[in-house]
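Order-wise, the sequence lines are chains X and A. Read in order, the letters of the first sequence correspond to residues 1 to 113 in our numbering. Read in order, the letters of the second sequence correspond to residues 114 to 410 in our numbering.
Source of the hints: derived by calculation from the structure; they are not laboratory data. Ideal Cβ positions, reconstructed from N, Cα and C, are used throughout, including at glycine. Heads up, some of the hints might be wrong.
Claimed, not checked - Among the chain X residues that face chain A by a calculated CB cut under 7 Å, a handful are:
1) L39
2) H40
3) S43
4) K53
5) R96
One-letter residues, chain by chain:
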Amino acid sequence: MSRIRQYAFHFPVVSAFALLLSARSPGASVQRGQELFDLHCASCHVDPPTYLKKQPPKLEGLFKAKYLPSGAPANDKQVRKTIIEGLRTMPAFDQRLNDRDINDVVAYLRTLR
Amino acid sequence: MNLRQLIPVVFLGILLSGCQSKTKHYDLRGQVLDKDPATNQITVKHGDIPGFMPAMTMSYLVKDQNGFQQVQPGDVITADVIIAGNRNEYWLENLHITDESGRTTTKAGTVRRLDIGDHVPDLTLVNQDGKFFRLGDFKGKAVLVTFVYTRCPVPTFCPRLSSRFAKIQEDFAKTPADFARTHLVTISFDPKYDTPPVLRKYGLAYLDNDPAGFSHWDFASTNPDDLRKIAYAFGLEYFEEDNQISHSMVIVLISPEGTVAKYWSTEWTTAELENALRQEANAGIVPQQPPMRRKTG
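Extracted from the complex, chain X is given alone in its bound form:
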């Protein structure tokens, strides 16, 4: 097998591994994520006002379950989508939180047991 063929063979494996790593957002700061969570999310997800049309779910153990409260698979992609686009009565955080902010918030959410 030529060297080029060898590289070509390994390329998809290496790419998949790199994608997996990026999904876990290396370098995300849990501490910063917690600060952002306290600022933007806690007022609804920690102590929700009783008068809201839909009670926002508590987020402890969010990633321990197989599915999110919405029924979608519990993975980074779905959680990021919900934060960016909002869901039902949850507002979209598009343009309010940037990519790095969302990575940090997701990293913090992963620590909630």
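Place chain A on chain X using the hints.
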């Protein structure tokens, strides 16, 4: 004190501590932009308040009367934000002025708005289905109008307004006569993001996914120029900063004749809005008399 005397004291102590836990205190630091003696509210541009809201400009009721009298637009203040257990009520206490030097540099006075009895501007709005309409189209009905933007993350503001309007929608649906004589309109002041499809999705979330509800509750917006005119007419303040929209809270009741009947800002209950809406809708209606019985014999 013997044990029998002690028990009620301990019980009272537990009860009181339970009551105390129903209010929360947060530290606020910011600059006063406006002061409204009619409602005892000040508009404050403040920094982040973790657990309550990110940095923004909003109106607060001041219960500290002495502090309210002393504070002036332009002052930098610190205060405690007190939030009642269900977040329905919040106000400022322990207001302290830390810097008075900005007093002359910011605007003073209250926002101009239409007086009670004035005719509302008949501007064109576009609703969640992309359909054009005017507030004047609802003549003959009492209309409750409020202003939101769908990305608002502060539960005490837009989510509270839409949740309580949803409750009014549900309650009025139980009395068809009142339902037929009233209408709800939620106007977004973020037309760039809140396009008709976004407003439709937002509206459906508050209508239990039933599009039939739009026949009694429109979610609308309009072009930025007309939006400014409507906001000015009803005393709504909003401006964009750092990808957020700071705004005040306004609910306005429009009479069946198309005039302003009543305003609310942050202090209101759902029951109060429902009563006023029902009363306005039925104001000119003469209750039907039971049919006269013909005398016999």
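Comparing the hints with the structure gives:
1. L39: holds (5 Å)
2. H40: holds (6 Å)
3. S43: holds (5 Å)
4. K53: Check passed: Cβ of K53 of chain X comes within 4 Å of chain A, closer than 7 Å.
5. R96: This interface hint holds because 6 Å falls under the 7 Å limit.
The structure is consistent with each of the numbered hints, conforming to all of them.
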